[in-house]
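**Q** Line by line, the protein sequences give chains A and B. With the working numbering, the residue at position 132 of the first sequence is 132, and numbering never jumps. With the working numbering, the residue at position 134 of the second sequence is 134, and numbering never jumps.
There may be inaccurate statements among the hints.
Take a look, some chain A residues computed to stay more than 10 Å from chain B by CB distance [claimed, not checked]:
#, residue
1, ASP17
2, ASP27
3, LYS59
4, LEU186
Simulated coverage check for chain A against chain B, where a stretch passes if three residues somewhere in it have a Cβ under 8 Å from a Cβ of chain B [unchecked claim]:
#, stretch
5, 86-98
6, 123-130
Distance ranges between label pairs, derived from CB positions [as the list claims (entries may be wrong)]:
#, chain 1, residue 1, chain 2, residue 2, range
7, A, ALA101, B, ALA306, 53 to 61 Å
8, A, GLU57, B, THR312, 39 to 47 Å
9, B, ARG65, A, SER173, 39 to 47 Å
10, B, TRP336, A, GLU57, 41 to 49 Å
Worth flagging that the hints you see were computed from the coordinates, not collected in a lab. Where is the CB? At the ideal position from N, CA and C, for every residue including glycine.
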Amino acid sequence: MSATGLAERLVVMPLLDDSQVGPASIDLRLGTEFIELHRLERKTLDPVVRDDPLFREEKIVVPLGEELILHPGQFVLGGTLEFLGMPLHLCGEVLNRSSWARMGLLVATAVFVQPGYSGVLTLELVNMGNVPMTLRPGLRIAQLVVMRLEGKTELSYAHKDAKYRAPLSPQSSRLGSEAKEWDRLLRIGAALQSGQVEKGD
Amino acid sequence: MLRPYVQEVVRRDIPVGIWQVIDNLIDALLPQRADAVIHFDDDHNMYATLDLATAVGGTLTALGRSYDDAVHPVVFFLPGSDPTNALLMPILAHEVGHPAVEAGNLGSETLKRIPDVTKLNQLLDECLKAASTPSTGQWQLQLAQWIDELLCDALATVLTGPSMLFAAANFLPAPELGSLRTHPFPADRIGFIVELLDLLGWTHTLDARLPLTLNWCRSLHQPEGPDPRERFLRGAVRLIKPAIFEIARAHTTYVFKPDDFTTLADPITELIESGIPSGQVPGYELTPWAITLAAWLLQFKLRGDAPRTLATAVADHEFNLLVHKSIEMAGIAKLWAKTR
Chain A
1 MSATGLAERL VVMPLLDDSQ VGPASIDLRL GTEFIELHRL ERKTLDPVVR DDPLFREEKI
61 VVPLGEELIL HPGQFVLGGT LEFLGMPLHL CGEVLNRSSW ARMGLLVATA VFVQPGYSGV
121 LTLELVNMGN VPMTLRPGLR IAQLVVMRLE GKTELSYAHK DAKYRAPLSP QSSRLGSEAK
181 EWDRLLRIGA ALQSGQVEKG D
Chain B
1 MLRPYVQEVV RRDIPVGIWQ VIDNLIDALL PQRADAVIHF DDDHNMYATL DLATAVGGTL
61 TALGRSYDDA VHPVVFFLPG SDPTNALLMP ILAHEVGHPA VEAGNLGSET LKRIPDVTKL
121 NQLLDECLKA ASTPSTGQWQ LQLAQWIDEL LCDALATVLT GPSMLFAAAN FLPAPELGSL
181 RTHPFPADRI GFIVELLDLL GWTHTLDARL PLTLNWCRSL HQPEGPDPRE RFLRGAVRLI
241 KPAIFEIARA HTTYVFKPDD FTTLADPITE LIESGIPSGQ VPGYELTPWA ITLAAWLLQF
301 KLRGDAPRTL ATAVADHEFN LLVHKSIEMA GIAKLWAKTR
């Protein structure tokens with residue numbers, strides 16, 4: 001196996017059990033690292049306000065064999081146990097496993113895995129049920145459906161502007177990297193309010 | 001005294017890779033086991049261990065009590081500025097050696113196995129006569145401290161292989177002429193580790209991959225000072241070395257040998273070089289030290305066979321995170337396979 005060979009292959013590391021690979025999907029397991037967003041006495045979370053000192057996240061580690069309790073309505077970012085390497089001729093979609101969905105766990109609202117992506121996948125976990133739920137690293141938490149592209153993409157996710165290159169743990173929102181567009185929207189709002197421009201212009 | 005560590009008992013911010021390394025060190029060096037507490041040392045920025053049961057033992061005795069549990073709470077200090085540096089973890093192996101040396105009375109065991117006690121006593125006599133303020137007790141106490149430190153270097157080298165040489169060459173301070181302290185001179189310690197690696201069969205691997213850096217390590221030299229005390233200590237260490245090597249090899253549950261690494265080196269390196277954590281190689285169980293050594297050798301391959309690589313590799317934060325992730329995944333894969 002050469003480094004070039006690895007780039008051409010779908011990488012799932014580690015694959016703890018061959019039974020994770022199904023006819024059309026691969027079961028992914030819950031990883032050991034999480035990001036909890038703390039409840040704050042704030043009216044709103046505005047992503048345009050960057051570096052808000054009152055916006056607090058806490059990174060926590062739950063080793064294999066231990067548990068994380070997700071309370072009703074609680075939102076936490078988790079990651080897959082597996083590091084994925086998606087070659088340029090494939091893409092993927094992360095889906096909820098129905099077993100978890102029927103218990104009220106919503107997994108992975110941001111589902112698409114781009115060609116060329118490599119890293120741990122961030123999973124958005126929400127307990128939509130009425131009782132606290134015990135999550136354990138190592139559990140099969142989601143499934144990855146892999147699709148073949150018609151030909152290789154020329155613009156890989158490894159392209160320089162990609163926000164989440166080879167992450168090894170769950171990643172927080174990086175809406176801040178769209179700062180130029182947010183600034184533009186703020187300027188538009190300010191210009192409209194001051195009358196510098198009319199809406200119909 | 002215990003307050004700084006109480007909160008750390010339930011801390012949830014330690015990467016799993018670090019726990020895997022610490023569990024590995026406890027398994028290998030502390031047969032009586034230990035309850036690990038991890039402390040990020042912002043005060044001294046050092047690697048260290050502290051057996052809390054021993055530390056409070058005097059107070060307990062004064063109160064007419066004793067710590068009866070065979071499993072001691074042990075604080076593992078990691079430097080606060082860079083606690084998760086994977087390439088420097090062999091230094092932590094040295095520190096875990098200290099409770100191992102104490103619990104096993106390895107210092108005394110070493111002294112019992114000195115090849116030529118007569119020569120040692122002759123050396124002591126000669127140096128005491130040449131000293132302006134001879135003090136047999138102090139000299140012997142300092143020799144015992146030096147033996148303990150070299151035992152810890154030897155235990156770490158037996159367990160982690162050449163990674164201990166690279167970590168020590170990076171981490172040990174520059175020598176100060178004429179200053180005799182609780183530790184042997186860094187150049188002597190590096191030479192000691194090189195010699196032990198040769199006994200363990202690693203020279204061929206190192207000569208093939210990084211001859212320049214290896215020769216630089218061999219060339220490190222602390223000039224002999226005029227102090228008779230120094231002459232005694234360094235001469236005594238030369239006489240006692242074979243016993244230290246023998247004791248170290250007998251007191252780990254695992255000796256990392258080149259044969260354990262040869263077939264794994266390329267697959268691990270290939271994965272890490274591709275940016276993929278090396279959590280699995282089909283048919284093999286990956287140890288933290290095989291992964292760490294492969295990572296070090298990859299750094300020499302990418303950055304060049306030169307002593308400066310020892311510094312630039314350690315400073316590569318993202319690379320070190322990848323190595324820790326590899327150790328975590330390998331540990332999880334091993335646990336999973338064992339509970340099948």
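**Q** Checked against the structure, which of the hints given earlier come out wrong?
**A** Those not satisfied are hints 1, 3, 5, 6, 8, 9 and 10.
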